[in-house]
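Student: What follows is each chain in one-letter form.
Protein chains: 2
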Amino acid sequence: MSSSTEPTMTIPTYDDVLIAHERIKPYIHETPVLTSQFINELTGAELFFKCENFQKAGAFKVRGACNAVFGLDEATASIGVATHSSGNHALSLSYAAGRRGIPVTVVMPRTAPQAKKDAVRGYGGTIVECEPSTSSREAVFAEVVAESGAEFVHPYNDPRVIAGQGTCSKELIGQVENLDAVVAPIGGGGMISGTCLTLSNIAPEVKIYAAEPLNADDAARSFRAGHIIADDAPETVADGLKVPLKDLTWHFVSNQITDILTATEEEIVDAMKLIWKRMKIVMEPSSAVPLATILKNPELFKGKRVGVIITGGNVDLDALPWMKD
Amino acid sequence: MSSSTEPTMTIPTYDDVLIAHERIKPYIHETPVLTSQFINELTGAELFFKCENFQKAGAFKVRGACNAVFGLDEATASIGVATHSSGNHALSLSYAAGRRGIPVTVVMPRTAPQAKKDAVRGYGGTIVECEPSTSSREAVFAEVVAESGAEFVHPYNDPRVIAGQGTCSKELIGQVENLDAVVAPIGGGGMISGTCLTLSNIAPEVKIYAAEPLNADDAARSFRAGHIIADDAPETVADGLKVPLKDLTWHFVSNQITDILTATEEEIVDAMKLIWKRMKIVMEPSSAVPLATILKNPELFKGKRVGVIITGGNVDLDALPWMKD
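Residue numbers (my numbering), protein chains in the order written: chain R, 41 to 365; chain B, 41 to 365.
No lab work stands behind these hints, which were simulated from the structure alone. Where a beta carbon is used, it is the ideal one built from N, C-alpha and C, also for glycine. There's no promise every hint is true.
Okay, derived cross-link-like pairs now, DSS-like style, lysine-lysine, Cα gap no bigger than 25 Å in a straight line [what the hints assert, rightly or not]:
1) B:Lys313 x R:Lys317
2) R:Lys157 x B:Lys156
3) R:Lys317 x B:Lys344
4) B:Lys342 x B:Lys156
5) R:Lys313 x B:Lys247
Here are the in silico distance ranges between beta carbons for each label pair [unchecked claim]:
6) B:Leu58 x R:Asp55: 31 to 41 Å
7) B:Pro338 x R:Asp299: 51 to 61 Å
8) B:Ser240 x R:Glu114: 55 to 65 Å
9) R:Gln77 x B:Asp220: 45 to 55 Å
10) R:Lys313 x B:Pro244: 51 to 61 Å
11) R:Gly164 x B:Gly84: 15 to 25 Å
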């Protein structure tokens with residue numbers, strides 16, 4: 041097998057999740073778990089929606105970002121942190137750094153939505169723009185780190201980040217008894233890895249399903265092939281799920297999940313509208329992929345108690361996916 | 041003064057609210073109270089949002105409708121209930137009648153949104169269509185009642201309905217200590233009347249502000265004039281707030297509220313987007329009028345603890361107000 045099967049970084053343990061939870065509690069919400077009688081009747085399952093759209097900075101990513109930022113020693117922290125992201129990790133790292141009062145630099149494509157840029161600046165982050173390509177992003181980011189000496193916090197392929205994300209399902213297990221399964225979206229695999237880390241330790245009987253857009257199904261194909269397959273720039277409405285697996289998240293995905301289920305663009309948008317309409321919550325297209333896969337595979341979930349991770353709520357209200365047609 | 045100052049119906053008492061609450065508890069949610077640090081910083085006030093958008097049938101109106109339906113004696117109930125409404129009262133009465141298993145007929149304008157019609161039928165209601173005019177509605181409704189003998193449950197000018205709506209602020213007072221004020225939208229005045237009824241009895245020190253669209257400010261003009269002024273078909277994005285006061289709600293409005301504040305269409309839509317974006321909840325334009333008036337009158341609320349009633353969440357996702365421009 042290729043080197044992708046052996047992580048070059050330390051694999052986090054459940055002790056790291058426990059430490060992370062104590063560390064980040066002052067800076068995050070214990071998010072609520074919501075249910076919908078209508079959607080339960082529709083699916084024949086009992087669904088428990090863990091609402092990270094109500095999380096600080098609007099997404100679960102603040103858990104990992106806070107764990108990384110508040111775990112730094114004083115000397116490292118004082119120099120600051122940096123990352124590249126056009127999405128929720130950018131907001132979350134800026135929020136975490138702002139709470140600790142340390143510098144944060146985010147490399148973002150110049151084409152990133154103005155609302156996201158405004159939010160990063162609102163939390164006190166500095167933005168360095170790059171062209172919307174991997175080569176430009178990497179070159180600009182290398183320059184930023186070389187100049188500032190800032191600590192790189194990767195959006196998902198980082199043991200501190202994965203341990204932080206693991207606190208979400210730790211809360212969920214405390215909030216809902218006797219779950220049969222958990223379904224979470226998969227992009228780079230940070231949330232799924234944290235879920236695996238926690239559940240394999242405190243609730244190993246719970247099945248873990250990853251939910252992925254069919255248009256960006258590199259994780260599903262990797263899972264079946266037995267090695268990482270990385271797509272170049274897939275196109276999907278679930279814009280948080282375009283990134284590929286990396287060695288550390290592949291470790292969890294390849295060893296601990298039950299299956300990866302996929303949904304079409306139309307199924308994702310339908311599930312998103314269903315949640316908005318019936319549950320009255322604002323959440324991102326990425327967060328609708330789990331329900332889309334549950335609706336598509338009723339036989340897997342009928343009669344089961346299922347945790348569903350609503351990963352975030354940062355959506356552009358002026359460009360909702362059902363308005364684009 | 042005209043007869044509009046003397047209600048022709050019995051004025052409900054706080055005992056009626058207590059009885060209503062026991063009666064309807066099995067059929068409603070105790071809705072959560074949400075807060076937003078961002079909006080608190082923006083307003084300089086501490087705002088506590090009572091989220092009736094998460095209520096059964098998506099609106100507070102289910103409280104009054106359930107109180108009316110479950111308070112009927114068996115003989116009356118078995119004949120059924122009827123109302124005219126193109127909005128949340130239609131859904132709520134259909135939900136309540138469905139839970140009791142009795143017939144319900146709703147007279148709706150043929151131009152009412154398909155989604156609302158579908159929802160009424162989904163709860164088991166029968167729709168009789170009328171033309172979108174007051175004269176047609178009244179004629180068709182009179183026919184329905186004459187034929188069926190059904191019990192009329194008015195959307196707001198009904199003591200059973202007002203007592204039911206009063207359970208909302210009863211919950212709020214139990215959930216949030218030391219409120220200085222409550223702000224609720226005003227259309228026909230059912231929610232505001234229930235709020236007055238409850239607060240004047242259990243928290244008389246709390247100021248009560250009604251919030252109204254400037255485009256449909258008949259309640260504000262009535263309040264200043266000292267008698268009911270009813271507008272004919274005002275136009276506002278806050279479609280739940282177009283109806284006029286009636287004698288029973290005028291009793292509470294004229295005697296017990298602190299003031300009526302108004303907001304422009306643009307201010308209402310801006311407040312709605314702010315709540316969706318920052319609080320990640322789906323709510324109706326009508327529900328945004330209170331925050332719009334708070335943002336417009338900061339001196340009234342600065343440093344105060346303020347309850348804000350989010351009245352409902354039944355919005356057409358395909359026709360959001362900021363998409364119409």
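Student: Against this structure, judge whether each hint is valid.
Tutor: Quick rundown of the hints versus the structure:
Proximity of B:Lys313 to R:Lys317 is assessed by CA-CA distance (about 16 Å); at most 25 Å being required, the pair is judged to hold. Proximity of R:Lys157 to B:Lys156 is assessed by CA-CA distance (about 38 Å); at most 25 Å being required, the pair is judged violated. Our distance criterion of 25 Å between C-alpha atoms is broken by R:Lys317 and B:Lys344, whose separation comes to about 33 Å. The suggested pairing of B:Lys342 with B:Lys156 is violated, with an alpha-carbon distance near 38 Å, which exceeds 25 Å.
Simply put, R:Lys313 and B:Lys247 have alpha-carbon atoms about 38 Å apart, too far for the 25 Å limit, and the pair is violated. The hinted window of 31 to 41 Å between B:Leu58 and R:Asp55 is violated, with their beta carbons roughly 52 Å apart. For B:Pro338 and R:Asp299, the Cβ-Cβ distance of about 53 Å falls inside the hinted range of 51 to 61 Å, so the restraint holds. The beta-carbon spacing between B:Ser240 and R:Glu114, approximately 57 Å, falls within the hinted interval of 55 to 65 Å.
Against the hinted window of 45 to 55 Å, the Cβ-Cβ separation of R:Gln77 and B:Asp220 comes to about 36 Å, which falls outside the hint. At roughly 44 Å, the beta carbons of R:Lys313 and B:Pro244 sit outside the given window of 51 to 61 Å. The supplied range of 15 to 25 Å is met by R:Gly164 and B:Gly84, whose beta-carbon atoms lie about 21 Å from each other.
Checked against the numbered hints above, the structure violates hints 2, 3, 4, 5, 6, 9, 10; every other hint is satisfied.
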